[in-house]
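Asker: Sequence:
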Amino acid sequence: METEEEVAKVSSILIYPIKSCRGISLPQAPLTPTGFRWDRQWLVVNSKGRAYTQRVEPKLALVQVEMPKEALVQPFWEPTQSSFLEIKAPGMDVLKVSLSGPREVADGVSVWEWSGSALDEGHEASTWFSTFLGKPSRLVRFNAASETRPVDPTYAAGHKVMFSDLYPFMLLSQGSMDALNEVLKEPIPVNRFRPNIVVDGCEPFSEDVWTEIKIKDFTFEGVRLCSRCKIPTINQETGIAGPEPNATLKAIRSDKVLRPTQKQQGKNMVWKDRVADGKGKMMKVKDPVYVIKKVSSAAEAVA
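Here the sequence shown is numbered in this note's numbering, starting from 1 and rising by one per residue.
No wet-lab data here; the hints were simulated from the structure.
Hints are all accurate, no fakes.
In silico DMTMM-like links for lysine to aspartate or glutamate, alpha-carbon gap of 25 Å or less: (1) LYS284 x GLU203; (2) LYS160 x GLU104; (3) LYS286 x ASP200; (4) LYS216 x GLU70; (5) LYS69 x GLU86; (6) LYS88 x GLU78; (7) LYS59 x GLU244; (8) LYS293 x ASP273; (9) LYS250 x GLU237; (10) LYS214 x GLU203; (11) LYS250 x ASP200; (12) LYS135 x GLU124; (13) LYS230 x GLU182; (14) LYS284 x GLU66; (15) LYS284 x GLU78; (16) LYS96 x ASP107; (17) LYS293 x GLU6; (18) LYS88 x GLU66; (19) LYS96 x GLU78; (20) LYS216 x GLU203; (21) LYS293 x ASP217; (22) LYS281 x ASP200; (23) LYS272 x GLU4; (24) LYS293 x GLU203; (25) LYS214 x GLU5; (26) LYS48 x ASP165; (27) LYS284 x GLU6; (28) LYS286 x ASP273; (29) LYS214 x ASP200; (30) LYS9 x GLU212; (31) LYS135 x GLU104; (32) LYS48 x ASP107; (33) LYS272 x GLU147.
Label pairs and their computed distance ranges (CB to CB): (34) THR154 x GLY108: 23 to 29 Å; (35) GLY280 x VAL183: 38 to 44 Å; (36) GLY101 x PRO189: 32 to 38 Å; (37) PRO288 x HIS123: 44 to 50 Å; (38) GLU147 x GLY101: 17 to 23 Å; (39) ALA179 x GLY280: 33 to 39 Å; (40) LYS284 x GLU203: 21 to 27 Å.
If you're wondering where the values come from, they're calculated on a predicted model, not measured in any experiment.
Note that CB positions come from ideal geometry on N, CA and C, so glycine has one too.
From just these sequences and the hints, can you work out the full model?
Answerer: Put into structure tokens, the structure is as follows:
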């Protein structure tokens, strides 16, 4: 089905510079082919180079990340010697990581199915995360100059990401959050689902069926529904996991309810009309959202 109607507006834009650590809410953000600029550009790894995420280290939810304001809102900003990533956590001193400083190359870094080299942020960062997590850890940065991490070509051939789980962008509607909170005993904030784009004004769960949307002048392809995982059960303020909202979602939004013969069903997206570097392209809160193409039901959406 093909239409072009304004169905919502962007209500929040979020990036997560260090994978599985706290996000930063922005009024606008530069677009790149791998996602919003700075999103999931850093990763905490174990002694073997394997990614730590909240699934196994929920304490990462307590790690707060700050960046220079200009870096977050100016599309052509480049770091100087005095530009830092500032990292904070309970009981820890502030860790400052240079955004422009020299880095050693760390081989054998892996996240999900991908492995390659990354830029090691050094001994001080390693000591900080090792102390906080209580086990050997290192902080690494995606090495865009030498590495490419492609999206699964079955769903979005030619697209790539940095350290995001699978896709460059994840969208969720406020309507879906509101509908879920109506049935939960204790409402939860949207940060449990760690979206990049929150839109408001559409019907609950309508994003499930969107296969192509336009946000302002940018076209995105909704390539796959987002698989449910443990992270929404982790309170992002305490780092403590509980049964909700997954217990409720299993009852009202599970495969057996929605997709009896397929996998289960936010919405993973790629930037369809991306340019080589994306510089100068900005998404802003209040940008209009148009549905270009959609399927008739969640059962037809790719999971």
